[in-house]
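Just so we're aligned: 26 in the numbering used here is position 12 of the sequence shown, and the numbers increase by one with no gaps anywhere.
Hints are computed from structural coordinates only; laboratory data are not their basis.
Incorrect hints may appear among the rest.
Quick list of the computed label-pair ranges, beta carbon to beta carbon [claimed, not checked]:
1) TYR45 - ASN131: 31 to 37 Å
2) TYR45 - GLY101: 22 to 28 Å
3) GLY101 - ALA55: 16 to 22 Å
4) GLY91 - LYS42: 15 to 21 Å
Computed list of lysine to aspartate or glutamate pairs in DMTMM-like fashion (alpha-carbon distance at most 25 Å, straight line) [as the list claims (entries may be wrong)]:
5) LYS44 - ASP58
6) LYS122 - ASP53
7) LYS119 - ASP103
8) LYS41 - ASP53
9) LYS119 - ASP53
10) LYS124 - ASP98
11) LYS135 - ASP53
12) LYS65 - ASP53
13) LYS42 - ASP63
14) LYS122 - ASP58
15) LYS42 - ASP58
16) LYS136 - ASP103
17) LYS124 - ASP63
Predicted model, so just to flag it, every value in this text is computed and none were measured.
Glycine residues also receive a C-beta, built at the ideal position from the N, C-alpha and C atoms.
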Amino acid sequence: MFRFAVLFAAMLLMTGLTAQAENLIVKKLKYWNACQGCDLAGADLSGVDLKGANLHGANLSRANLSGANLSNADLFGANLSKADLTGADLTGAVYLKFTNIGAAKLCKTKTPWGVDNSGCKKK
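Just need the whole structure built from these sequences, with the hints factored in.
Written as structure tokens, this is what we have:
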């Protein structure tokens, strides 16, 4: 029983530290408007103003970006697999050279124009 209690306490501590680390990364992104190469997988960034943010090479897989302002953001090389971009402002994402969503990985990604599977590996 003692071993179970120690194991359970260790799991809670590790989960808490992981959550704190994720919160620090999100705070860094919001403050600096940049998080190049960051691991933001599964982060809740819904409604966040990321206009012009540098997310070059960031892992945004499974992130909730619904309603976020990503206009003129640098998403070159970002992993947006299974991310939710529903209602996100992607103004300039296709036409302005400053926003490079075209080179981002899109697979099962919910976009304002529907689900985009253009970056899925073909079997």
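Verification of the hints:
1. For TYR45 paired with ASN131, a C-beta distance near 34 Å keeps the hint of 31 to 37 Å intact.
2. The supplied range of 22 to 28 Å is met by TYR45 and GLY101, whose beta-carbon atoms lie about 24 Å from each other.
3. Here the CB-CB span from GLY101 to ALA55 is close to 21 Å, well matched to the stated 16 to 22 Å.
4. The hinted range of 15 to 21 Å is satisfied by GLY91 and LYS42, whose Cβ atoms lie roughly 19 Å apart.
5. Restraint check for LYS44 and ASP58: satisfied, since their Cα atoms lie roughly 12 Å apart, inside the 25 Å limit.
6. About 19 Å separates the Cα atoms of LYS122 and ASP53, which keeps this hinted pair within 25 Å; it holds.
7. Of the pairs offered as hints, the one joining LYS119 and ASP103 holds, with about 18 Å between alpha carbons and a cut-off of 25 Å not exceeded.
8. A C-alpha spacing of about 13 Å is found between LYS41 and ASP53, which places the hinted pair at or below 25 Å, so the restraint holds.
9. This hinted pair checks out: LYS119 and ASP53 have alpha carbons roughly 14 Å apart, not beyond 25 Å.
10. A distance of roughly 5 Å separates the Cα atoms of LYS124 and ASP98; the hinted pair therefore holds under the 25 Å criterion.
11. Between LYS135 and ASP53 the alpha-carbon distance is near 21 Å, which keeps this suggested pair within the 25 Å criterion.
12. With a CA separation close to 19 Å, the supplied pair LYS65 and ASP53 stays within the 25 Å bound.
13. Restraint check for LYS42 and ASP63: the C-alpha separation of about 13 Å stays at or below 25 Å, so the hint holds.
14. A threshold of 25 Å between alpha carbons decides the hint, and for LYS122 with ASP58 the separation of about 17 Å falls inside it, so the pair holds.
15. For the proposed pair LYS42 and ASP58, the alpha carbon gap of about 14 Å is at most 25 Å, so the pair holds.
16. Under the criterion of a C-alpha separation no larger than 25 Å, the hint pairing LYS136 with ASP103 is inconsistent with the structure, at around 29 Å.
17. Restraint check: the Cα-Cα separation between LYS124 and ASP63 comes to about 18 Å, which is no more than 25 Å; the hinted pair holds.
When the structure is compared with the earlier hints, a violation turns up for hint 16 alone.
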